[in-house]
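Work the whole structure out from these sequences, hints included.
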Amino acid sequence: MTVTVYVKGIVAGYPELPPAFRDALEKIFTPNVNRVHSRTRVSNKPISVGRQEPRLQKLSRSFVELRQIGYAIQTPYALKEKHIEGLVALWHKDGQCLGTIENKLTYFRAFSNWINKRNPVKKMSEYIDPATHDFRRTSVATEDKSWEGKGIDAVSIIEEIAKTEPVVAVQMKLQAAFGLRVEESLLLRPKDAVRRDGKLSVVHGTKGGRARVVPMEFKTDVLLEAAQHTNRSTGSTIPDGYTKTQWKDHFYTVLKRHGVTKSGLGVTCHGLRHQFLQQMFERYRTRFWCK
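Residues 4 to 294 in my numbering are what the sequence shown spells out, letter by letter.
I should point out that these hints are in silico values taken from the structure, not numbers from a laboratory.
Any given hint might turn out to be false.
Listed next, with one range per pair, are the computed distances between beta-carbon atoms [claimed, not checked]: (1) T103 - R235: 54 to 60 Å; (2) D252 - S204: 23 to 29 Å; (3) K30 - T209: 30 to 36 Å; (4) K166 - G211: 34 to 40 Å; (5) T135 - G211: 37 to 43 Å; (6) S204 - T256: 25 to 31 Å; (7) R121 - D156: 40 to 46 Å; (8) D156 - V206: 29 to 35 Å; (9) E163 - K125: 43 to 49 Å.
Each residue gets a CB set at the ideal place from its N, CA and C atoms; glycine is no exception.
So this is what it looks like as structure tokens:
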């Protein structure tokens, strides 16, 4: 009988990841936990318990790090090449030795096979120059994309927009308060979105059509304000007389007018979502890591 580690317990040790994300990791890890991951390994014997646990821990921790640096990955099945590059850039910046990084890449090669992803992990030399040990910079962005990280006062900008465009302003507040994408904020139905457990259900306009649940905490005032701007016929915050496309165009026109573009203030509306994700990460980090 093959002995394996307690997968559920390992995954539960990363509460910074959403429950659905942890559930997906558990389903992926369980049938693969003791599988050999090296193509050059001669023996086909299962991986020992002593090596199973570190592998799962490092993979889980890496997904936490991905969200920390701004990648809003919602499921481990969405792993892409850009995510691996972002992680290597982070590890290199943190001063981790090449051997440690190589081990992590090996784990992710195995993980990619488990989820049937083709070649998201490149050779070590394609990330880091073996001669100089310098990181090979690509199109991967590892800088802080949040408004706060750019030194932009989101509250002041939104208040200014609210003077002439109150609906656009409240939609931006929804993005900042709950980490919503632009389309999610437009299509949110404030009066119907609150669950019995007090959390916010995000259903419409989600990426890939995957609904998710967001903690509300003490941000009910934002939702109450949004409820005052709901369309009576659709329940969303898109005003009467506009299609979704028309309002989305109007939304971005207003933002451009106020300099909320990369070429203007250097930030986009998506930066509000990055700010929310970073704040959530810091909150969980403080709660669970700094006791």
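Status of the hints after comparison with the structure:
Separated by about 58 Å at the C-beta atoms, T103 and R235 satisfy the suggested range of 54 to 60 Å. Distance hint check for D252 and S204: the Cβ-Cβ separation is about 27 Å, which falls inside the suggested range of 23 to 29 Å. For the hinted restraint 30 to 36 Å between K30 and T209, the CB-CB distance of approximately 21 Å leaves it violated. In this structure the supplied range 34 to 40 Å holds for K166 paired with G211, their Cβ-Cβ distance being about 36 Å.
Remark: the range hint 37 to 43 Å for T135 to G211 is upheld by a beta-carbon distance near 40 Å. Against the hinted window of 25 to 31 Å, the Cβ-Cβ separation of S204 and T256 comes to about 30 Å, which satisfies the hint. The hinted range of 40 to 46 Å is satisfied by R121 and D156, whose Cβ atoms lie roughly 44 Å apart. Under the hint 29 to 35 Å, the C-beta atoms of D156 and V206, about 32 Å apart, fit the expected range.
Between E163 and K125 the CB atoms are about 45 Å apart, so this pair conforms to the stated range of 43 to 49 Å.
Hint 3 alone, counting from the list given before, is not met by this structure.
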